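Participant: Protein chains in written order, with this note's numbering: chain B, 1 to 408; chain V, 409 to 816.
Just so you know, the hints here were simulated from the structure itself, not pulled from any lab data.
Note that the coordinates shown come from a computational prediction; the quantities given were computed from them, not determined experimentally.
The beta carbon of each residue, even a glycine, is placed where N, CA and C say it ideally should be.
Accuracy of the hints is not assured; some may be wrong.
Straight-line distance between alpha carbons at most 20 Å, and here's what the computed PhoX-like set of lysine-lysine pairs gives [as the list claims (entries may be wrong)]:
hint	chain 1	residue 1	chain 2	residue 2
1	V	Lys615	V	Lys603
2	B	Lys196	B	Lys207
3	V	Lys418	V	Lys465
4	B	Lys10	V	Lys759
5	B	Lys10	V	Lys678
6	B	Lys57	V	Lys465
7	V	Lys418	B	Lys268
8	B	Lys207	B	Lys268
9	V	Lys678	B	Lys270
10	B	Lys207	B	Lys270
Quick look at which bits of chain V chain B covers, simulated, 3 or more residues with Cβ under 8 Å [as the list claims (entries may be wrong)]:
hint	region
11	409-417
12	506-513
13	602-608
14	680-687
15	702-715
16	751-763
On the chain B side, residues computed to face chain V include the following (Cβ under 8 Å) [unchecked claim]:
hint	residue
17	Asp137
18	Val318
19	Met322
2 protein chains.
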Amino acid sequence: MVQVNGNYLKLKAGYLFPEIGRRVKAFSTAHPDAPLIRLGIGDVTEPLPQACRDAMKIAIDAMGTAEGFHGYGPEQGYAWLREAIATHDFQSRGCAISADEIFVSDGSKCDSSNILDILGEGNRIAVTDPVYPVYVDSNVMAGRTGQAGDEGRYAGLSYLPISADNGFTAEIPSEPVDLIYLCFPNNPTGAVATKKQLTAWVDYARKNGALILFDAAYEAFIQDPELPHSIYEIDGARDCAIEFRSFSKNAGFTGTRCAFTVVPKGLKGKAANAEDVELWGLWNRRQSTKFNGVSYIIQRGAEAVYSAAGQQEVKGLVSFYMENASIIRKQLSSAGLTVYGGEHAPYVWIKTPDGMDSWGFFDHLLNNANVVGTPGSGFGAAGEGYFRLSAFNSRANVDDAMARIQAL
Amino acid sequence: MVQVNGNYLKLKAGYLFPEIGRRVKAFSTAHPDAPLIRLGIGDVTEPLPQACRDAMKIAIDAMGTAEGFHGYGPEQGYAWLREAIATHDFQSRGCAISADEIFVSDGSKCDSSNILDILGEGNRIAVTDPVYPVYVDSNVMAGRTGQAGDEGRYAGLSYLPISADNGFTAEIPSEPVDLIYLCFPNNPTGAVATKKQLTAWVDYARKNGALILFDAAYEAFIQDPELPHSIYEIDGARDCAIEFRSFSKNAGFTGTRCAFTVVPKGLKGKAANAEDVELWGLWNRRQSTKFNGVSYIIQRGAEAVYSAAGQQEVKGLVSFYMENASIIRKQLSSAGLTVYGGEHAPYVWIKTPDGMDSWGFFDHLLNNANVVGTPGSGFGAAGEGYFRLSAFNSRANVDDAMARIQAL
């Protein structure tokens, strides 16, 4: 009989967002008139930039003509988009990343999980705790872990705690690891890494022949010009890092879908026969075989992000959400809560008060303020006692939510 | 040091379409004025339906408003699109497929390779020969095969020859297999399967607990109302088959990107611990974790395929390409060539003349008629001595290419 991939059976049933959905639904059923405000999931709310909409409409008109019709495009993305990305996001910041090292995709979630396709099964893998659940779950599904233990931690993964004690940037592991997932600005804690901190990671990776999977989906929210937006701003990172980027959060593309991954040429891993193999070629083959590229229409929309008008609009969106974050920080602090993050990231990470646990605080806010957030423990054992609020919402909702929490 | 997936190193370097590209480039460099006509790759050429373009523009306008903005959508696709698919493509033909068994995606190439994620490593796998290369390569990359032998066949795969001798529908395997890739109407041979033939496969699969991966990307080209468009028109197929569908070829979405996969509830596989596991839940978890859904704008475009205007336009596109196929069949026959397919599929499968091998005929057409096709041997050892021409092109190009071949 056909066999299934039994690794899926190791996944914990109580995945974070479905459990939130379940509790919210139960509450709404009991209180159908309660005016819920959702600051849980990190989904943007503001309209798509005009520049992107205009560009997509032009692309659609072209698709209606014999001359302007586009069929299959390059699986790696169109050259004009890859060039725009390389120039604006990397070369402008002194990173020697070329257009052919950019792979356009339909999402960072896809890329950060699909990347395991080209990596071996014997790698020792490190994730931070708390962590974006997709890094962990994709490893479980690919058979790179053992079973989950009592705290929900999977055997075979190295968990690097991040907490107030270490300024929310994980410490360099004492045991050698081969693969390290890092996300800065961080989801869920809203922490950001300095050049010095990233340099320590790059030095560690180069010394140990490790690969850093660097998720920079939130780089646009960095306010301090001294902070690095890309791992490639660190000397030596081309030899040890792959970077994931997205248009989801800067340009509001969560429902429009476009992202990209940077795989530097010359970056190598080891085959079982001890041969050095370039990861660029493997990823190129993976994408060519298992992916058909992003819609021409959507790629034209993404290209418009780099136009003068697009850049202006993206700047406006980022400022708007960061003002929300600032309001959340200020109001929660004034309500007596201890808050972290929210200065270079659209997430505010709250220490739960009075020794409440994360789900206890979730229920407290849901029941008494009708505000939905995300329990820190859902992102990992070390997130227990924390809580995440997202700055992605309308100003009216943010103001209203904060007033309700103030009034508790 | 970080380890790579060494299975990629088993892949043959000379992948079909890059090799075609290399030869065409060399020819064009030597003959820069030669008026090439490309009937090689199966890519559509006619403008996108007006109904789809209109719907996408409305969606873009909505994305520019606070009320109409769409962020993250359901990973499985929007309910309105899944409902339209279930009603029009399945229930209208008597297939008991419900909307929640439809998973909208950005491509059948992705789905037909990603499906291996949820299947075990010990399955005995059968593919036809010739075959769409992605089925084979995705298995190689996932470590489900051994090395390639002299004929390019990979150890560990069962190859089921399809040729003129068996009417281009593979014979039921004599040895038991667990996983069978079938594609009808067939790429590359243009053959189609009857209800009787598919019933034999379904009976075999049910008897052996095997899973059929049925690729119906070309179903819209079927002309005979008696022929099945879906495997689910066969009794019992819900218990043994997953079906892949696409908007690429019927509605011209190769550059727009939308497809879907049907996973019936109740369809089961076996875990290593002998437990029966529903594939629907595994695929749902796979898509939720590793995929973010298709762009809202594109899904609105796909939905418009099912409007009255959209159906009319799709019918026009299919008729247009099938007229091309008919011209190709007629002209080649009159030129003395033996042709197959092209009656219910946009591909014509040609027996190479005078004992020429597939690449020999490729070079012959390229050099003497400046027409680019696809060597049958590129699709598998049993494709040697055959050649594929695609009906996807303008009428002028098809007429011109046929006139040139006639004149040889």
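Participant: Please work out if Lys418(V) and Lys268(B) have their alpha carbons no farther apart than 20 Å.
Facilitator: Answer holds: Lys418(V) to Lys268(B) is near 18 Å, not above 20 Å.
Participant: Closer than 8 Å, Cβ to Cβ, for at least three residues: run that test on the region 702-715 of chain V against chain B and report holds or violated.
Facilitator: holds (count 5)
Participant: CA of Lys418(V) to CA of Lys465(V), is that 20 Å or under?
Facilitator: Judged against 20 Å, a Cα distance of about 45 Å means the pair is violated.
Participant: Let's test the interface hint: is any C-beta of chain V closer than 8 Å to that of Val318(B)?
Facilitator: 16 Å, violated
Participant: Compare the distance between the alpha carbons of Lys207(B) and Lys270(B) with 20 Å, and conclude whether the hinted pair is satisfied.
Facilitator: 15 Å, holds
Participant: Three residues minimum, CB to CB under 8 Å: does the region 751-763 of chain V make the cut for coverage by chain B? Let me know.
Facilitator: violated (count 0)
Participant: For the region 680-687 of chain V, count the residues whose Cβ lies under 8 Å from any Cβ of chain B; is that count three or more?
Facilitator: holds (count 5)
Participant: For Lys207(B) and Lys268(B), compute the direct alpha-carbon distance and say whether it is at most 20 Å.
Facilitator: 14 Å, holds
Participant: State whether the coverage of the region 506-513 of chain V by chain B holds or is violated, taking the criterion as 3 or more residues with Cβ-Cβ distances under 8 Å.
Facilitator: It is violated: at least three residues are needed, and the region 506-513 of chain V offers just 0 whose Cβ sits closer than 8 Å to chain B.
Participant: Verify the proposed pairing of Lys678(V) with Lys270(B), using a straight-line Cα cut of 20 Å.
Facilitator: 34 Å, violated
Participant: Do three or more residues of the region 409-417 of chain V come closer than 8 Å to chain B, measuring C-beta to C-beta?
Facilitator: holds (count 8)
Participant: Given the proposed pairing of Lys615(V) with Lys603(V), does the C-alpha separation stay at or below 20 Å?
Facilitator: At roughly 18 Å apart (the allowed maximum being 20 Å), Lys603(V) and Lys615(V) satisfy the hint.
Comparing the model with each numbered hint stated earlier shows that hints 3, 4, 9, 12, 13, 16, 18 and 19 do not hold.
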